[in-house]
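Visitor: Okay, here's what each chain looks like letter by letter:
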Amino acid sequence: MPDQTPLIFTSKGNVLCASLAYHHEWTVTEDVIKFREWYTDDAGEIVKDSTHVYLPKGVQLGAVAGGL
Amino acid sequence: MKTLMQSLLDLLWPVHRAITRYMARVGALCFANVQGVATSFKTELLNGIHALGTTVARGGTGADVFKAALFLVTGSRGAATTAYSATDEVSGAGYTAGGAAFTWIAPSATGTIAFSTPSASIAWTGVTLATAFDALLLYNSTQGNKAVSVHTFGSQTLTAGNFTLTMPANDSSTALLKLA
Numbered sequence: 001m002p003d004q005t006p007l008i009f010t011s012k013g014n015v016l017c018a019s020l021a022y023h024h025e026w027t028v029t030e031d032v033i034k035f036r037e038w039y040t041d042d043a044g045e046i047v048k049d050s051t052h053v054y055l056p057k058g059v060q061l062g063a064v065a066g067g068l
Numbered sequence: 069m070k071t072l073m074q075s076l077l078d079l080l081w082p083v084h085r086a087i088t089r090y091m092a093r094v095g096a097l098c099f100a101n102v103q104g105v106a107t108s109f110k111t112e113l114l115n116g117i118h119a120l121g122t123t124v125a126r127g128g129t130g131a132d133v134f135k136a137a138l139f140l141v142t143g144s145r146g147a148a149t150t151a152y153s154a155t156d157e158v159s160g161a162g163y164t165a166g167g168a169a170f171t172w173i174a175p176s177a178t179g180t181i182a183f184s185t186p187s188a189s190i191a192w193t194g195v196t197l198a199t200a201f202d203a204l205l206l207y208n209s210t211q212g213n214k215a216v217s218v219h220t221f222g223s224q225t226l227t228a229g230n231f232t233l234t235m236p237a238n239d240s241s242t243a244l245l246k247l248a
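As given, the protein sequences belong to chains U and W, one line each in that order. Note that the numbering used here gives residue 29 to position 29 of the first sequence, counting from 1, and the numbers run on in steps of one. So the numbering used here is basically just the index in the second sequence, starting at one, shifted up by 68.
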């Protein structure tokens, strides 16, 4: 029977998921919605840190026909 | 002395005139000449159809190759940026200088606004970027790395993690690139 203990890739290689603490936070502004999730080890060091950004709107150019 | 009906018409006339002008402006009425930039022209600009000045010789009719690159918070990318440069670009495991290629949804228009958005999220996986970054530069890799737009999203770092930029809905109010 293979070992089914879940691992996670970190800055210290693959480690046991259960050995890490999970943290996350949301940042919501008018221009961006950001979700950050990170893992720390027993020493409190961040060993995995990911961010996912949603851009709710883009940029706009104006085109104006000048008068004669 | 005005009749009640005349007074009512006087009251409603400015409203009627404003509505008529608006409908003419958005193309809902055809009996008035209205100054404006053709909406079709805006879409065609995004498709590279018009050249009001000196242009480039193209090798084909396909879309150019566009790329997205990340920049440090100490950088100075903005509206004045004319082309991609590696100065102040992020560096670290899992990130290749120059950034990642992406494609645009075919430009289209709604009302008087032409628009387009990258066809998928732009993402990096298993990347470590230890120095804070906060900006994305979209640029045309085919045409001398000329700049398209800069988007900021707040300072952050990454450690053996993933970074995903999810695009807005591709419509006239939220598309990533709009020509109004």
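For the record, the hints were derived by calculation from the structure and aren't laboratory data. Quantities reported herein were computed from a predicted structural model and do not represent experimental measurements. A hint or two may mislead.
Straight-line alpha carbon distances no greater than 30 Å define the calculated DSSO-like cross-link-like pairs of lysine-lysine that follow [what the hints assert, rightly or not]:
1. U/LYS57 x U/LYS34
2. W/LYS214 x U/LYS34
3. W/LYS214 x U/LYS57
4. U/LYS12 x W/LYS214
5. U/LYS34 x W/LYS135
6. U/LYS34 x U/LYS12
Taking CB as the label site, the calculated pair distances span [stated by the list, open to error]:
7. U/LEU61 x W/PRO82: 31 to 41 Å
8. U/GLY13 x W/THR178: 24 to 34 Å
9. U/TRP26 x W/THR178: 52 to 62 Å
10. U/PRO2 x W/THR178: 48 to 58 Å
11. U/SER19 x W/THR123: 55 to 65 Å
12. W/ALA165 x U/GLU37: 52 to 62 Å
13. U/HIS24 x W/PHE99: 54 to 64 Å
14. U/ALA18 x W/SER108: 51 to 61 Å
Stretch-level coverage of chain W by chain U, calculated; a stretch enters the list once three of its residues show a Cβ under 8 Å from a Cβ in chain U [claimed, not checked]:
15. 218–226
16. 229–236
17. 239–245
Glycine included, every Cβ here is placed at the ideal spot set by N, Cα and C.
Visitor: Against this structure, judge whether each hint is valid.
Guide: Status of the hints after comparison with the structure:
1. The suggested pairing of U/LYS57 with U/LYS34 holds, with an alpha-carbon distance near 14 Å, which does not exceed 30 Å.
2. Straight-line distance between C-alpha atoms of W/LYS214 and U/LYS34 comes to about 28 Å, which keeps the hinted pair within the 30 Å bound.
3. For a cut-off of 30 Å, the pair hint linking W/LYS214 to U/LYS57 stands: about 22 Å separates their Cα positions.
4. For the hint linking U/LYS12 to W/LYS214, the alpha-carbon distance of about 39 Å lies beyond 30 Å, and the restraint is violated.
5. A C-alpha spacing of about 22 Å is found between U/LYS34 and W/LYS135, which places the hinted pair at or below 30 Å, so the restraint holds.
6. Between U/LYS34 and U/LYS12 the CA atoms are separated by roughly 26 Å; this keeps the pair inside 30 Å, and the hint holds.
7. As the Cβ distance of U/LEU61 to W/PRO82 is approximately 32 Å, the hint placing it in 31 to 41 Å holds.
8. With their beta carbons about 50 Å apart, U/GLY13 and W/THR178 fall outside the hinted range of 24 to 34 Å.
9. Taking the beta carbon of each, U/TRP26 and W/THR178 are about 31 Å apart, not inside 52 to 62 Å as hinted.
10. Take U/PRO2 and W/THR178: their Cβ atoms lie about 54 Å apart, and the range 48 to 58 Å holds.
11. Separated by about 59 Å at the C-beta atoms, U/SER19 and W/THR123 satisfy the suggested range of 55 to 65 Å.
12. In this structure the hint that W/ALA165 and U/GLU37 lie 52 to 62 Å apart at CB is violated, the actual value being about 27 Å.
13. Between U/HIS24 and W/PHE99 the CB atoms are about 58 Å apart, so this pair conforms to the stated range of 54 to 64 Å.
14. A hinted range of 51 to 61 Å for the beta carbons of U/ALA18 and W/SER108 is consistent with their spacing of about 60 Å.
15. Residue count for the stretch 218–226 of chain W with a Cβ under 8 Å from a Cβ of chain U: 7. That meets the three needed, and the coverage hint holds.
16. Counting residues of the stretch 229–236 of chain W whose CB lies closer than 8 Å to any CB of chain U gives 8, so the stated coverage by that chain holds, three being the minimum.
17. Here's how the stretch 239–245 of chain W fares: 5 of its residues keep a CB closer than 8 Å to some CB of chain U, so the rule of at least three is met and the hint holds.
The structure fails to meet hints 4, 8, 9 and 12 from the earlier list, while all remaining hints are met.
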